[in-house]
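Order-wise, the sequence lines are chains A and B.
Each residue of the first sequence is one higher than the one before, counting from 1 in our numbering.
Each residue of the second sequence is one higher than the one before, counting from 1 in our numbering.
In case anyone wonders, no lab produced these hints; they're calculated from the structure.
Just so you know, these numbers come straight off a predicted model, no measurement behind them.
C-beta: ideal position from N, C-alpha, C; glycine also.
Keep in mind that a hint or two might mislead.
To be verified - Label pairs and their in silico Cβ distance ranges: (1) B/Gly204 <-> A/Arg97: 30 to 38 angstroms; (2) B/Asp197 <-> A/Arg166: 33 to 41 angstroms; (3) B/Ala114 <-> A/Ile61: 50 to 58 angstroms; (4) A/Arg97 <-> B/Thr26: 28 to 36 angstroms; (5) B/Asp214 <-> A/Leu15: 53 to 61 angstroms; (6) A/Trp275 <-> B/Ser89: 41 to 49 angstroms; (7) A/Thr229 <-> B/Gly15: 51 to 59 angstroms; (8) B/Asp197 <-> A/Arg78: 36 to 44 angstroms; (9) B/Gly179 <-> A/Arg97: 23 to 31 angstroms; (10) B/Glu273 <-> A/Arg78: 38 to 46 angstroms; (11) A/Leu119 <-> B/Ser89: 37 to 45 angstroms; (12) B/Arg110 <-> A/Val190: 55 to 63 angstroms.
As the list claims (entries may be wrong) - Far from chain A, by Cβ distances over 10 angstroms, these chain B residues were calculated: (13) Arg66; (14) Ala67; (15) Val78; (16) Val195; (17) Gly211; (18) Glu272.
As a plain string of letters, each chain reads:
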Amino acid sequence: MLWLSWRQFRAQAALAFGALVIVIVALVMTRGHVVDTYSSAGDGDLTGFYVWLRLLGTALIGLPAVIGAFWGAPLLTREFEDHTHRLAWTQSVTRNRWLATKLALIGAATVVFVAVFALVFTWWSAPIDSTGNRIGTANFAQRGIVPIGYALFGLTLGALAGTILRRTIPAMAAALTGFFLVRIVVQKLVRPHLIGTEAVSTPSFGSNGLHGWIVSTRTVDAAGRTISTKAAETTLTAACDITRATADVDGALAACARRLGIHDVAQVYTSDRFWTLQVAELGLFIALTALTAAVCFWWLDNRTS
Amino acid sequence: MSAAIETSAVGKRYGRAWALRDCTLTVPPGRVVGLVGANGAGKSTLLHLAVGLLRPTEGQIAVLGRAPGDDATQLARVGFLAQDVPLYSRLSVGDHLRLGAELNPGWDERVARARIDRVGLDPSQRAGGLSGGQRAQLALAVAIGKRPELLILDEPVASLDPLARREFLADLMELAADGLSIVLSSHLLADVERVCDHLIVLAGGQVRLAGDVDQLLAAHKVLTGPRRDPDRQPADQTVIQQRHTDRQSTMLVRTKQPVLDPSWTVSDVGLEELVLAYMAAPSAATVGRAAAPRLRSVT
Numbered sequence: 001m002l003w004l005s006w007r008q009f010r011a012q013a014a015l016a017f018g019a020l021v022i023v024i025v026a027l028v029m030t031r032g033h034v035v036d037t038y039s040s041a042g043d044g045d046l047t048g049f050y051v052w053l054r055l056l057g058t059a060l061i062g063l064p065a066v067i068g069a070f071w072g073a074p075l076l077t078r079e080f081e082d083h084t085h086r087l088a089w090t091q092s093v094t095r096n097r098w099l100a101t102k103l104a105l106i107g108a109a110t111v112v113f114v115a116v117f118a119l120v121f122t123w124w125s126a127p128i129d130s131t132g133n134r135i136g137t138a139n140f141a142q143r144g145i146v147p148i149g150y151a152l153f154g155l156t157l158g159a160l161a162g163t164i165l166r167r168t169i170p171a172m173a174a175a176l177t178g179f180f181l182v183r184i185v186v187q188k189l190v191r192p193h194l195i196g197t198e199a200v201s202t203p204s205f206g207s208n209g210l211h212g213w214i215v216s217t218r219t220v221d222a223a224g225r226t227i228s229t230k231a232a233e234t235t236l237t238a239a240c241d242i243t244r245a246t247a248d249v250d251g252a253l254a255a256c257a258r259r260l261g262i263h264d265v266a267q268v269y270t271s272d273r274f275w276t277l278q279v280a281e282l283g284l285f286i287a288l289t290a291l292t293a294a295v296c297f298w299w300l301d302n303r304t305s
Numbered sequence: 001m002s003a004a005i006e007t008s009a010v011g012k013r014y015g016r017a018w019a020l021r022d023c024t025l026t027v028p029p030g031r032v033v034g035l036v037g038a039n040g041a042g043k044s045t046l047l048h049l050a051v052g053l054l055r056p057t058e059g060q061i062a063v064l065g066r067a068p069g070d071d072a073t074q075l076a077r078v079g080f081l082a083q084d085v086p087l088y089s090r091l092s093v094g095d096h097l098r099l100g101a102e103l104n105p106g107w108d109e110r111v112a113r114a115r116i117d118r119v120g121l122d123p124s125q126r127a128g129g130l131s132g133g134q135r136a137q138l139a140l141a142v143a144i145g146k147r148p149e150l151l152i153l154d155e156p157v158a159s160l161d162p163l164a165r166r167e168f169l170a171d172l173m174e175l176a177a178d179g180l181s182i183v184l185s186s187h188l189l190a191d192v193e194r195v196c197d198h199l200i201v202l203a204g205g206q207v208r209l210a211g212d213v214d215q216l217l218a219a220h221k222v223l224t225g226p227r228r229d230p231d232r233q234p235a236d237q238t239v240i241q242q243r244h245t246d247r248q249s250t251m252l253v254r255t256k257q258p259v260l261d262p263s264w265t266v267s268d269v270g271l272e273e274l275v276l277a278y279m280a281a282p283s284a285a286t287v288g289r290a291a292a293p294r295l296r297s298v299t
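Build out the structure end to end from the sequences listed, making use of the hints.
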């Protein structure tokens, strides 16, 4: 069974890994320049070709969906469309083993492909991240190990879409849409609670000086009650006689807030928790992968026959 | 020896439509069995149930004495050629043999290879470039190579030209002579007549007629004579089909006794005529049930 899986997959695998080699070579060869740009004095800014290389991170975000659409969805739809499932599933191999072998092979290829891509890109980006913020939503999904979880989930989601819809184009569309839907829901609603943010008190109406991902901020009064920014402003302007004519309105507001005990409480993932959050989100997506695969097996066994 | 296929009130529903319902039949082993019926009669559904590609919605089905499908041992006992002969078009002839070897523990490379050689297939050629006849031969080689006890073929020759069809059927008969049980579906009655020694006629998902071809032919007679009412036929004669003109009546009857009435001209029935009569007959005319077909006049 492994032979057949490999025979059917090898052309796509060769194409994908050929492209990966080019990307890796480009990243390895250019990292020196990135280190120079960000270590010398100044803010460091990549130009020209390097800007394009940096966009590989964006490609890394889209890659799991592409794997789902091109490796996952056709896994079954190609068989259904050519009726070859009637050939494959009437040999002396149960369809469960057939699917398990296919998912294992393509899953392994997915892990290797994405892990190499993501880790090399993380290494390449390290000089940039040292001055920036890699735990924030802009960079978190294109660094570290989470892309592996995304890609495995994309793969099984594509396979499931193909199992249910039985036609390639609708299954690809469903895999793409479904994947990004889940990703967005996780990023907006789940990740902020995944390992628990820290609450940090910071002054109101001034720089909070925080590094990391500030998930939310609220303003509280001296008694610890949450108040709206507008209410805080009203209180402060009345208490300290701040008007439009005041010279430094923000400075005055900040000083007044300190005096009255009004301050901000930020919910923060600090930068040093990057890997903890990475492991947690990887675990979440591996669980989603297992769930999707289980449904795929169940459907193939109960609804396809 | 258990039946090749035995079903009991088996049914399969797709959504709201029943492809097969309340189908009870026994396919004897060691024979070449023809499963005949119009398109949509439920032939493919029945065969897919038998190879485990489908599971029945209701009722039971046993193939070689066991539930079809889910375990590898049972899968290994049944060879299957699906309708339109699905093959991996980008894989070569040799790759398909390798597929058979990899996926079947009981694979007999010598047998499969011999078939490929005999029909002159080039192992390096892609399956996508083969003719209909070559495709069928390659699929047959893969199905035979796994050394099944029962070979099931769904419309194996429908897409073949007459010459390829003749060769393919000759090969099937050779395999049957070696002791392989064969079940094939077809709506080409001439082919069925050539190779099958047992016949099952399916219509509307129901068995209309089943039996050994010799016995079926012996048990049916065509009666021609002066016009008369079929209700006046003797009780041991079941009227399957009848045609009436102003003067003459022609009836196809099933009877175990010789026809004694001297006013009838009695002649034998051809298999094609017999099958068509049962396919068209109302279901009450099925074997073993009292028949009361309506009188239809043709003037």
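For each hint, the structure was consulted:
1. B/Gly204 <-> A/Arg97: 30 to 38 angstroms: holds, 37 angstroms
2. B/Asp197 <-> A/Arg166: 33 to 41 angstroms: holds, 38 angstroms
3. B/Ala114 <-> A/Ile61: 50 to 58 angstroms: holds, 55 angstroms
4. A/Arg97 <-> B/Thr26: 28 to 36 angstroms: With a Cβ separation near 32 angstroms, A/Arg97 and B/Thr26 satisfy 28 to 36 angstroms, so the hint holds.
5. B/Asp214 <-> A/Leu15: 53 to 61 angstroms: holds, 60 angstroms
6. A/Trp275 <-> B/Ser89: 41 to 49 angstroms: With a Cβ separation near 47 angstroms, A/Trp275 and B/Ser89 satisfy 41 to 49 angstroms, so the hint holds.
7. A/Thr229 <-> B/Gly15: 51 to 59 angstroms: Holds - the Cβ-Cβ distance for A/Thr229 and B/Gly15, about 57 angstroms, lies within 51 to 59 angstroms.
8. B/Asp197 <-> A/Arg78: 36 to 44 angstroms: Taking Cβ atoms as reference, B/Asp197 and A/Arg78 lie about 39 angstroms apart, which means the hint holds.
9. B/Gly179 <-> A/Arg97: 23 to 31 angstroms: holds, 30 angstroms
10. B/Glu273 <-> A/Arg78: 38 to 46 angstroms: holds, 45 angstroms
11. A/Leu119 <-> B/Ser89: 37 to 45 angstroms: holds, 38 angstroms
12. B/Arg110 <-> A/Val190: 55 to 63 angstroms: holds, 59 angstroms
13. Arg66: holds, 14 angstroms
14. Ala67: holds, 12 angstroms
15. Val78: Not fine: 7 angstroms to the nearest Cβ puts B/Val78 too close to chain A.
16. Val195: Answer for B/Val195: holds, closest chain A Cβ roughly 22 angstroms.
17. Gly211: holds, 28 angstroms
18. Glu272: It holds; B/Glu272 is separated from chain A by about 29 angstroms at its closest Cβ, greater than 10 angstroms.
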